[in-house]
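Engineer: The chain contents come next:
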Amino acid sequence: MRYLALGAALYAFWLALSGHYTPYLMTAGAICAVVCVLAAIRMRTADREGFPYELFWRVPTYYPWLAFEVLKSAWAVAKLILHPRLPISPTMTVVRGSQRTTTGLATYANSITLTPGTITVGVNGNDLTVHALVRDGAVDLESGGMDRRVTRFEGGA
Amino acid sequence: MSLDLILRVGTKLILPFILLFALYVQFHGDYGPGGGFQAGVITAGMVVLVGITFGLEAAHRIAPQGLMQFMVPLGVLIYAGTGVAGLILGRNYLDYSVLAHDPAHGHEYGIIFVEAGVLITVAGTMTAIFYAFVERGR
Amino acid sequence: MTLAVDVASWICILLGSFFIVVGALGLVRLPDVFTRMHGASIIDTAGVGFLVLGMALQAGASLVTFKLVFLLALFFFTGPVVTHALAQACLHENVRPILAEDRRGAREGRDEPERRQP
Amino acid sequence: MPAPATLLLLAIAIPLAGALGIALAGSRPNLREAVTLLTAALLFAAVLALLPAVGARPEANLYEVAPGLALAFKLEPLGMLFALVASGLWIVNSIYSIGYMRANKEPRQTGFYVCFAIALASTMGIALAKNLFTLFLFYEALTLSTYPLVTHKQNAEAVRAGRIYLGLLLGTSLVLFLPAIIGTYIIAGTLDFTPGGILGGKATPLVIGILLGLFAFGIGKAALMPLHFWLPAAMVAPTPVSALLHAVAVVKAGVFTILKVATMIFGADALASLGNSSWPTIVAGTTVLAASLVALRQDNLKRLLAYSTVSQLSYIVLGVAILAPISMVGAAMHIAAHALGKITLFFAAGSIYTAAHLTEVSELDGIGRRMPWTMGAFAVGALAMIGLPPTAGFLGKWFILTGAMQTANWLAVTVIILSTLLNAGYFLPIVFRAFFREPPSGGAAHQAGEAPWPIVLALTATATGTVLLFFAPGIPYELAQLMIGR
Amino acid sequence: MMFAAAAGAILVSLALAITRAIRGPTVFDRVLAGNTVGTLAIMLLAVVGFLTGRPEFLDLGLTYGLLNLIGTLAVLKFFRHGDLAYDADTERQP
Amino acid sequence: MSAVWPHLPVLQVVVPLLGAVLVGFMRHEKPAFALALLVNWTLPFIAGALLWQVLTSGPISYHLGGWEPPWGIEYRVDALSAFVLALISIIGAVTIPAARQSINFEVEDWRHPWFYCIYLLCLAGLLGITITGDAFNAFVFLEISSLSTYVMIAVGADRRALVASFQYLIMGTIGATMYVIGVGLLYLLTGTLNMADMAGRLGQAWAGQSQTIITALAFITVGISLKLALFPLHGWLPNAYAYAPSWATVFLSATATKVAIYLLIRYYFSIFGVAVDFAALPISEIIVALSLAAMFVASFVAVFETDVKRMLAYSSVAQIGYITLGIGLADQAGLTGGLVHIVNHALMKAALFVAMSAIFLRAGTVTLDGLAGIGRKMPLTLTAFTVAGFGLIGTPGTSGFISKWYLAIGALERGWWPIVFLIVGSSLIALVYVGRVLEVAWLREPSPEIAKASDPPLSILLPLMVLAAATVYLGFDTQWTVGIAADVARDLIGGLK
Amino acid sequence: MSTLISLAQHYNYIITIFLMMGGLYIVVARGNMVKKLVGLSIFQTSVYLLYIEPAKIVGGTAPILDPAFSIYSNPLPHVLILTAIVVGVATLALGLALVVRINEAYGTIEESEIIEMDREA
Ligand code: NA
Ligand code: NA
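Chains as they are written, first to last, in the numbering used here: chain L, 1 to 157; chain U, 1 to 138; chain R, 1 to 118; chain G, 1 to 486; chain Y, 1 to 94; chain C, 1 to 497; chain S, 1 to 121.
Source of the hints: derived by calculation from the structure; they are not laboratory data.
Computed from a prediction, not measured in an experiment: that's the story for all the values here.
Each residue gets a CB set at the ideal place from its N, CA and C atoms; glycine is no exception.
Please note that the accuracy of each hint is not assured.
[Unchecked claim] Only pairs whose alpha carbons sit at most 30 Å apart, straight line, appear in this in silico BS3-like list of lysine-lysine: (1) 377/C / 153/G; (2) 153/G / 452/C; (3) 105/G / 452/C; (4) 105/G / 153/G; (5) 30/C / 105/G; (6) 377/C / 452/C.
[To be verified] Taking CB as the label site, the calculated pair distances span: (7) 206/G / 495/C: 36 to 42 Å; (8) 26/Y / 30/C: 52 to 58 Å; (9) 23/Y / 111/C: 38 to 44 Å; (10) 53/G / 447/C: 40 to 46 Å.
My request is simple: use the sequences and hints to build the entire structure.
Structural biologist: This is the structure in structure tokens:
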């Protein structure tokens, strides 16, 4: 099932890229998709961690929110950088990710890193070590809003 | 270990797509920029990524070293051979129009062969170089 | 192409350019490698995002848009990975961040629960 | 009887073939020497056979290496004279060499004879060259083939001498001679030797003067001062080599080339455009006197002879510089005369070294009683150098002097008279010591005995030749006349 | 016009990033800057592609993006372990 | 035969290329060498046929893939390129037999097949540069040959070979890049990469775009000059030649720089010269000045070298100066001299370096002192060395004399008579450094180290003798050198604006 | 639009020159062989931009010659760029391989130190 989904995704990817829908290229695309799936299997990447298609339908709900977060913090950091006195207060903190799957945890960590102003510098078990450009960034991360979001995205709760 | 959680998840997700993208570039060489070379580079890049993420053994599993070394001349042979085919069939070197009844198709086949040759050589070379460096590092 | 879309795309492109320049500025201005990563990540996210969006608007619903989206996705998935790896490498090489405050101590020393494998 | 053209080529081919034969016979000394003598005899025969054809001036054009660079030979009177002298003296020199090399147990004799033969081939090439390119080719070949002979001993001194020899001869020829040739080619459009010259009226006196300078000093083998010192340096070589350098081939090739260039490249009127008592006269004159003065102060016999050669060569150059036809004749004849005289002297010096191992003039008291033949021959040679009858030396000098008087070139006249006195000043004392001084008691002079017979035979022959040439100067005189077109 | 402006902005940023790459001080600063340069170059490709009506430049951009990623990771891995293909599974201790 | 005939141009390149590929599959030294030998020996026939074809019935144009130029890549063979093709092919064919012994002695075993593969690749690249009529294609071939050259140098036994190779890689790449930048400018200007086409359009572009054209000219000149080691851009050459495997040095010294020179001539006389009036620019003066500098400075350095291979390398720089001098003089005789010297120097240098490889093989040293008395031990080798050495000096009766004769005539035709003295003067310096070696080799007592040394096997001796003989033969029979070169020069100069 | 293109081309040339000078500077100024190679790659990169926009006059004034030319004789620029990239990559790879072996042979990749070691040897 997962393999089929992967194959389908890959083929869609092909068609989207190609733009030339000659029979020759279409078939070639199909074959290539299959080849890739086989390769993925051989690389042992076609598992839940590597291709969590269960989560895909939740993407539209999570990523727009993330994008908005990114925009906000980007604006904040921009102001900091442009501020003549450069009023930063670099802070290290540890936040706990409540996700159960590695995928979920990874998503959380990446989301933190994606939002300007915070970077996941280390993962130890479920504890994410985070470097924040300003103290407030660290603090409201600790408040755990994003953690809950990600957990929901992961399909927990 | 912790490096590998994020690296692993991220990598696992994109690996198959990288390979597909490589093949896409390979087959669309005559439309956009590209063809064999980028395809080869990207393929090799994928192997490298596997290597640095999951270790050399994993890389060897999908790209055996001996095979890579063999691929280098093989690709060139295919490339040059295709040209010679044109020569043998009485046309100029690299003139593929004779490879099929309809010159246009002939050209297409020719291009396909050539691009395949390039892909094989480039992928082989790059991967072999990567392996060589790893060996040196040891 | 309607004026509205045009204007929108222009705004996006302007914003993108703005964020890119700011990010690069941060790369130069900020004091140490960790803080500089933040500058860089502005470029990777907001800057790239807006530029791509702007171009996508220009291109309309076409192949180009698809590719732009892929480009964006690439950045979204790989940017953090790279940054993270970089931070890891820094710590591994004992490149310590300049800190105004370290809030780790308070929250250390909790045993982690066994995570069931996916 | 082969055709003259063939003979021309034979004259060069015979010694080369000889060299090959000698190399092959290397392991068996007697056979090797036999080959040497045979080759020399054959060569002389070939050259003699050419003599009747001189008037016709036969040619042999091998082929054109490149436009303007033809490998070609042509028989000219002067060349004939030079070829005769060289090939004739080679026979004598070979006989002498056999005696000398064996008596002194010299190493690497095969190489010695091979190089000797090649040197002779080169000499023939110079003598019979039809154009400057061919001449230059063999001129360099002569330098290179004689280098191993000069460095024969292969000790440090020989190596140093070799450097000077090669550096100076090859150097001057490449840096001065060659540009002169190129310039000539550009101006005249040809390099062929032509009676009356090829440069006449083609260039300004300045250019002509520069070219003349390049030739005069570029032809280092003529040993004009200050480019003479390779000759004394080369004295380290075995005596037969010295003979080859001074009499048979090398220096003669130098003056021959100068004569040839003067008469057949510049031509009388081109030279005349430089005016009387021009710098060549001065250079030549200075060399004559200076070299004689140096010789006067030498105690080592061979060095003394070397400097005498330097001065004698400049007589010949002087003969050219005077620009009178008769003096040209004199110059030509002096080539032959000096060749015979000087080879006699060197044979004698070598004979003394071989028999008594003496090298310094001061050691020669009474040596004449022990080695009458040798010292007799030496006396004859000395007279030839001074230019007194009954030796050939007189004729050449006399003609040159006449020319100088005709052209009222008093500078030259003075030079000749002064130098004659100087020559007498350093040669006669030697003869006097040898015959009229008491030998030092217990000195080497007491062990009786001449040198081995081949040596004595050789030097007697050349001495006789020196005298004969005075009484029967026919052939050289005729040739010299032909040369200046009478 | 916009694209020209964007191209200009990108060039400026490139200059800044390169200055950082040159100034360092740590090798990681250089890597970071290098990565950023890569990103900017990709955007420049995209923009110039648009500017000159050559959308196929985007493929070039994607390619470059992938290689940029792989390159950076490889460099980091190398600095971390002095060994490109250090086997992850053998790395247990922190 | 008739089927092959029209495809000779491409075969000239494809044969060695395919050879390289096939050798690439091989894991054993014997078959690899055999194949390399076979390939090498076919090339002269192809080149000869091409030369004959060109001389009898004019230039040949071959369109890769059947695309008409300037759409597609054109292989263009005219007298000049055929001349150089023949030279390279013959050098390769003559020297390859000498390779095996030397390579087996100097290079690790597992590298042998690899080496022949790279060598054939290099050969293909050099031939490609010479035969292609496409500016960018020339760049590709240039890099193919260069990269393989770096490898050939790097496999030298001495670790300094690595550094030499690296330095060459840096310089060479800069050169190639500058060349391709220059080509790029021309491409922007004319929209074509076909050389002939380019030449045609530059003329029209000159009016408005002289600055750009001059810039391009500068880039291309510097770029190529780096590859041909024109003084003062020769820094890479001495070490490269000194530490590369002896046989690699033989091949490179005889061909690589020569092909670069060919390319320079091509650009000056067939592309820029056609479009631009060189008399207006000081190019000639600059080239001549640099050439003279090379002839003297490099020769002087050579005099003080104690490693004979390095000495010969510096002499190469000087000799290249002679060739570029001819290019700079750019008159009938001068250019002829330059072209002739390409051949003459290639042959005599090949002879000298083959001799060095033989000496290293037998005596294990190439230092001046190490060569003491070697003449007694290896008489034939040293005889050949001596002959070629005199060729280097330019004594009459050797091919070197012919070259210098024409160069001197050319200088006088230009009215630059002092150059005549400089030419002969520098050959005097050559006399010094060659003389040093000869003196040591012939007149010193052999040292015990070389007691067992003897002349090399026939596989080396024969090529050596052939090359030395050629040095003498071409000093007398010049119809194949001067004969062709004069015509080529006439055409090239005739084409100038 | 043509002014835009010419503008963009100006960028091309600015970058080209910038990269050339920068790369060359690094090659010359740095003793570390890896850095030299990096500089070299930068230097080579300058070429790619040059080939992006063919058949237009440098400085972007009106296209020269009759346009017919620039229509037909255009080997696709990206093919050229691509080839240049291939060459660049190959060179870099070879260079790095050399550096690795140099490091093994000398224990350093600082040119000055290596030269010093060779002088002593
Ligand atoms: Na971030
Ligand atoms: Na050379």
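Engineer: Would you mind marking each hint as holding or not holding in the structure?
Structural biologist: Here's how the hints hold up against the structure:
Restraint check for residue 377/C and residue 153/G: satisfied, since their Cα atoms lie roughly 19 Å apart, inside the 30 Å limit. For the suggested pair residue 153/G and residue 452/C, the alpha carbons sit about 25 Å apart, so the restraint of at most 30 Å is met. For the hint pairing residue 105/G with residue 452/C, the CA-to-CA distance comes to about 28 Å; that is within 30 Å, so the pair holds. Restraint check for residue 105/G and residue 153/G: satisfied, since their Cα atoms lie roughly 12 Å apart, inside the 30 Å limit.
A hinted pair counts as satisfied when its Cα atoms are at most 30 Å apart, and residue 30/C with residue 105/G does not qualify at roughly 53 Å. Between residue 377/C and residue 452/C the CA atoms are separated by roughly 8 Å; this keeps the pair inside 30 Å, and the hint holds. A hinted range of 36 to 42 Å holds for the C-beta pair residue 206/G and residue 495/C, which are about 38 Å apart. The hint said 52 to 58 Å for the Cβ distance between residue 26/Y and residue 30/C, and at roughly 53 Å that hint holds.
One distance hint, 38 to 44 Å for the beta-carbon pair residue 23/Y and residue 111/C, holds here, with the actual separation near 42 Å. As the Cβ distance of residue 53/G to residue 447/C is approximately 55 Å, the hint placing it in 40 to 46 Å is violated.
In summary, the numbered hints that this structure violates are 5 and 10.
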